[in-house]
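Go by the hints and put chain B onto chain A.
For reference, the chains in residue letters:
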Amino acid sequence: MAFLEIDRLVKRFGATEVLKGITLEVEEGGFLVLVGPSGCGKSTLLSMIAGLDTISEGEVRINGRRVNELHPSQRDIAMVFQSYALYPNMTVAENIAFGLEMRGVPKAERVAAVAKVADMLQMGHLLNRKPSQLSGGQRQRVAMGRALVRDPQVFLFDEPLSNLDAKLRVDMRTEIKRLHQRMGTTIVYVTHDQIEAMTLATQIAVLKDGVLQQFGSPAEVYNNPVNMFVADFMGSPSMNLVPANIRAENGRTVVALSRANEEDLILDPGAASEKLGTVLGQDVLLGIRPEAITDHDGADRNAKTLVDADCHVEVVEPAGSDTFVVTHLGGKHVIARMRSDASVRGGQRAPFTFNMDKAVFFDPKTELRVA
Amino acid sequence: MSAALAASRRTPGSSIVPRIVIYGLLIFFALIYLIPFFVMLVTSLKTMPEIQQGNMLALPKAPTIDPWIRAWGEACVGLTCEGIHGYFWNSIKMVVPAVAISTILGALNGYVLTKWRFKGHKLVFGLMLFACFIPFQAVLLPMATVLGEFGQIGKALTNATGFAFGFGNPTVNLVFVHVVYGLGFTTLFFRNYYEAFPTELVKAAMVDGASFFQIFRRVLLPNSLPIIVVTVIYQFTNIWNDFLFASAYAGSGDVMPMTVALNNVVNTSTGVVEYNVNMAAAMIAAMPTLLVYVLAGRYFVRGLMAGAVKG
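Just so you know, the sequences run in chain order A and B. Read in order, the letters of the first sequence correspond to residues 1 to 371 in full-length UniProt numbering. Read in order, the letters of the second sequence correspond to residues 1 to 311 in full-length UniProt numbering.
Treat the hints loosely; a few may be bogus.
In silico negatives: residues of chain A with every beta carbon more than 10 Å from chain B [claimed, not checked]: (1) Ile-195; (2) Ser-273; (3) Asp-310.
Computed beta-carbon distance windows for the label pairs [as the list claims (entries may be wrong)]: (4) Val-211/A x Tyr-293/B: 55 to 61 Å; (5) Gly-64/A x Asn-192/B: 44 to 50 Å; (6) Gln-74/A x Gly-151/B: 47 to 53 Å; (7) Lys-155/B x Gln-74/A: 49 to 55 Å; (8) Ala-30/B x Pro-37/A: 54 to 60 Å; (9) Cys-132/B x Ala-2/A: 51 to 57 Å; (10) Leu-70/A x Asn-192/B: 30 to 36 Å; (11) Asp-165/A x Leu-244/B: 55 to 61 Å.
It should be emphasised that the hints constitute simulated quantities derived from the structure, not laboratory data. Values in this document were obtained by computation on a predicted structure and should not be read as measured data. Note that CB positions come from ideal geometry on N, CA and C, so glycine has one too.
Isolated chain B, as found in the complex:
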């Protein structure tokens, strides 16, 4: 590669062949990745007769957004046919707090593990790192026990005060599971970022009289945008797409998150399989993660720390 590029620098005319090969391969693989998306998109805009007679890759002859409307408001999940919109909001209600809490806690952990080191900080970080390697399946049953306890507490609280304070609520349970499971990753991200963060800034803030949390909020966090964006994208995608925890702890009824609901839409067989509605539902389910990439990706800024220390 580099030899080819070096050669191209010497003789400008010969650069065209390797370039064609490189771009050709890149475009080829990009197409392979995009084809399923393309099929989903065109299918969701077709009518059922057109799907049954036609070519999968063909563009819709008469594009219609009717399948999207049906998926949102009328598709059947199990026995209820009210569309997926309720489950969509279930997911939002679960993902937003889970992402926010796990990101903030990860940032706080990273801050302590790098700037307020204590004896055994390496061991603590090592153990947190270990959390990244524990497979979901291994957590499933112990977590079910813990959540069962939460349910008991919730019942006791309801008996005593008439209000469960979120204990036993499936959405709260899922938030808890995802925060605990995500903490290893978010801590890893922030610790590595803050490891390179100039400690003299923290010392300067200490001399200036800022407290532990003031230093965190006024000095560390405002300079952490790149890693916050990375963490949010990572956590959002993971939690939104999670199916295992969602189906295990909130797998039925009104509390299902989007992923479980989508699975049920596709598996609900009443007569003809409505491919266009299924595809539209899948597109809707994928939309938030796409949106997060498009919106937050712009903030992958570099060089934010320029000027903190000698540049």
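Looking at chain A on its own, in the form it has when it is part of the complex:
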């Protein structure tokens, strides 16, 4: 039995269903990230776990205990809010100790607990300040300290980093991961940022329009997306989705991509060819991530199926660590990720290497995975 179980959870506001039967579970010490575009219901789901929103149908269990009817304070959870929600009239120390005070913890214990948490988050020097005297990153730390001090069974994070600037966000991300490794407490984390999801999670749940699209480890969700939405949502730059035709050529199943003023580009689907046999002669969408299209020397040496092909280069975007090369296949722009020193120029032809091990195929109508 998992530590946190979310069982066929439904949320209705009047007649509209915003969550349509979500089932998830996390092991103790797991890090579940709920990710999806805004309005997908991920924050509502978190609020329902916290007890700040009522549950229309289904059940939430923490450590085997049904919590549907319990007040937020009795669920043994702590929450970090997007806006930090620090009490402006209290000092940092009072903010952190408030939850303990409300639970009737004696003063001496409170002081000790606050000191311990302040030490852990390296903010002992801030304890007597008011929230208005803190920077964004410091407020974020206080908000985390307020959750940590309670030592709950589950931490809930509601987009905690979205108000920070880019650099601080990366720092705090690492800090959260470090804290998780150290404390080993179960965490449920909501974000719309797929990079945060990938870096932090042990389990990712991708939501869209109140429906769970895919639930699995970051690698599973990234490498084996179940549908086009997940494929497109996870990863940056996002996965190339190219219209392609499945054909039989010399007794083998191949993928043909149309090109402007050129003959079609023929790719060997490798391991996927067996499944693709069922859609022979049909149009599909080839999904291939930018890092699976490289220059020849940059390709993964362990890949089983590498296909070399010359393509016309439209634009070259050097990004420092990598160079993104845009070409035109199947009527779409396709982004390839080459090494930064790859000698490619816009307007010329250049050799590309396709790692077909990483290729996935979708039905353009149902948007579901075919192979």
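Relative to chain A, chain B alone:
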């Protein structure tokens, strides 16, 4: 205006004329508003002979606070000539509880109407808002009936226990009237303030385990100083200055509030009209509201919520 200011930014020398016009007008209207106050003040410091012969606007030749002392301790209200000090305290005893109760209840209403919404909360707020538009006169007779009932209850209680528990007491009656009448306004003030109050703070406090009243007392109220000040000033001024309810429900005897007493001082005609004493009494009557503005006005602080959410 803005065109003139924009022009002034381009050519610094030309800014002087519009400025003179603006400040001239402002000073002119300020003077018009201040003249009655000035006349009251100087008249209250003059002796009667000086008033009878002199110019209204002239400064007192020999300033004396004797009229103030007489107004406080000797002025005649109807047939009793013990000054207005008793009535002054009547007003204080009525205003302080009325302001405190209506402010606290308004804050509580605002809290519930924004952070603990229930079905029909809009209708309830709409009806409370409606209370702001009901004229005093419309309440006069129904309220008299209600207060009459209170008097009956008070009599019954006195017969049964020997103590009326405040029922039928004119001061208590006035407190009740002003609390009921003020509730619409105080609720409006606090609801609009709490509407903008970050709900995540309330949620955080819920997760922290604070109860309904703990959230109100520890999170909402300490962050409500600006609106508390506004409400207190508004309620204090209104209740202190009220004449209609005061004269209708406590219009005679020892229980008169200040406003009614002042009216009676001015209307009491025994021989010469003592303008200086009347003016001094009026000044004393106006003093508390002035004081509230001066003291509480300082606490019209802004940016108190800075730091609660991302700043």
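Per the hint of 55 to 61 Å, is the separation of the Cβ atoms of Asp-165/A and Leu-244/B within bounds? Given a distance of about 59 Å, which is inside 55 to 61 Å, the answer is holds.
Asp-310/A non-interfacial with respect to chain B [C-beta, more than 10 Å]: Check passes; 51 Å lies beyond 10 Å.
Could one say that the CB atoms of Gly-64/A and Asn-192/B fall in the range 44 to 50 Å? 46 Å, holds
Outcome for the supplied range 55 to 61 Å, where the beta carbon pair is Val-211/A and Tyr-293/B: Holds - the Cβ-Cβ distance for Val-211/A and Tyr-293/B, about 59 Å, lies within 55 to 61 Å.
Do the beta carbons of Leu-70/A and Asn-192/B sit within 30 to 36 Å of each other? 33 Å, holds
Consistency of beta-carbon spacing, Ala-2/A to Cys-132/B, with hint 51 to 57 Å: Cβ of Cys-132/B to Cβ of Ala-2/A: about 55 Å, so the range 51 to 57 Å holds.
Checking a non-interface call: every C-beta of chain B should be farther than 10 Å from the C-beta of Ile-195/A. Is that right? Since the minimum Cβ distance to chain B is about 21 Å, Ile-195/A lies beyond 10 Å and the statement holds.
Distance restraint evaluation - Gln-74/A, Gly-151/B, Cβ atoms, bounds 47 to 53 Å: 49 Å, holds
Confirm or reject the claim that Lys-155/B and Gln-74/A have a C-beta distance inside 49 to 55 Å. Check passed, 50 Å falls within 49 to 55 Å.
Is it the case that Ser-273/A keeps its Cβ farther than 10 Å from each residue Cβ in chain B? Non-interface label stands for Ser-273/A: nearest chain B Cβ at 52 Å, farther than 10 Å.
Check the following: the C-beta atoms of Ala-30/B and Pro-37/A are separated by a distance inside 54 to 60 Å. 58 Å, holds
Violated hints for the displayed structure: none, as all numbered hints are satisfied.
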